[in-house]
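Using the sequences plus the hints, can you model the full thing?
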Amino acid sequence: MIRLLYIDDNIEACRIVAAFCDRCGAFTVRVLGSGEAALEWLSCSAADVIVSDYTMPGGMDGIALLKRLRSSGCTIPFILFTADDSPELREKAYRNGASRFISKSPKAGSPLYQLFRAIYWAAGREAPKNEGA
Numbered sequence: 153m154i155r156l157l158y159i160d161d162n163i164e165a166c167r168i169v170a171a172f173c174d175r176c177g178a179f180t181v182r183v184l185g186s187g188e189a190a191l192e193w194l195s196c197s198a199a200d201v202i203v204s205d206y207t208m209p210g211g212m213d214g215i216a217l218l219k220r221l222r223s224s225g226c227t228i229p230f231i232l233f234t235a236d237d238s239p240e241l242r243e244k245a246y247r248n249g250a251s252r253f254i255s256k257s258p259k260a261g262s263p264l265y266q267l268f269r270a271i272y273w274a275a276g277r278e279a280p281k282n283e284g285a
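Position 12 (the sequence shown) corresponds to 164 in my numbering; numbering is contiguous.
These are calculated hints, taken from the structure and not from any lab test. It is possible that some hints are incorrect.
[Unchecked claim] Calculated cross-link-like contacts (lysine-lysine; reagent style DSSO-like; alpha-carbon spacing at most 27 Å): (1) Lys-281 - Lys-256; (2) Lys-244 - Lys-256; (3) Lys-244 - Lys-259; (4) Lys-259 - Lys-281; (5) Lys-219 - Lys-244; (6) Lys-219 - Lys-256.
Structure representation (structure tokens):
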């Protein structure tokens with residue numbers, strides 16, 4: 153099982169990702185709504201992969217969360233999953249230690265399929281061939 157921490161303040165996005173994870177059967181998922189909650193949860197729990205939205209409430213966006221994690225020595229693979237597909241944000245994510253950057257935009261293809269392929273990759277596992285079908 154891949155232990156996935158999914159951070160997003162959009163409840164509908166959380167439901168969609170959690171339902172897809174349940175359908176795949178290869179994940180245990182913890183969903184949280186803010187970077188602050190993620191830091192607190194990670195202080196006493198473990199994840200194999202972290203997926204975070206960029207825009208979240210409070211003072212901590214996905215990049216700020218990534219910076220805090222990396223500065224504390226956390227090496228858990230981190231995927232930024234965001235509707236903001238700007239080249240500047242993509243570059244900033246990678247510069248600060250993101251493992252992958254996935255756009256939520258349907259223009260980029262199938263965002264959920266791309267996300268789950270990236271999660272399997274980040275966890276060092278091979279994705280099922282029929283995933284996303």
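Structure-based check of all given hints:
1. Lys-281 - Lys-256: 22 Å, holds
2. Lys-244 - Lys-256: Status holds; Cα separation ~17 Å.
3. Lys-244 - Lys-259: Holds, at about 21 Å.
4. Lys-259 - Lys-281: Judged against 27 Å, a Cα distance of about 23 Å means the pair holds.
5. Lys-219 - Lys-244: 10 Å, holds
6. Lys-219 - Lys-256: Holds. Lys-219 to Lys-256 sits at ~22 Å (cutoff 27 Å).
Of the hints listed earlier, there is not a single one the structure fails to meet.
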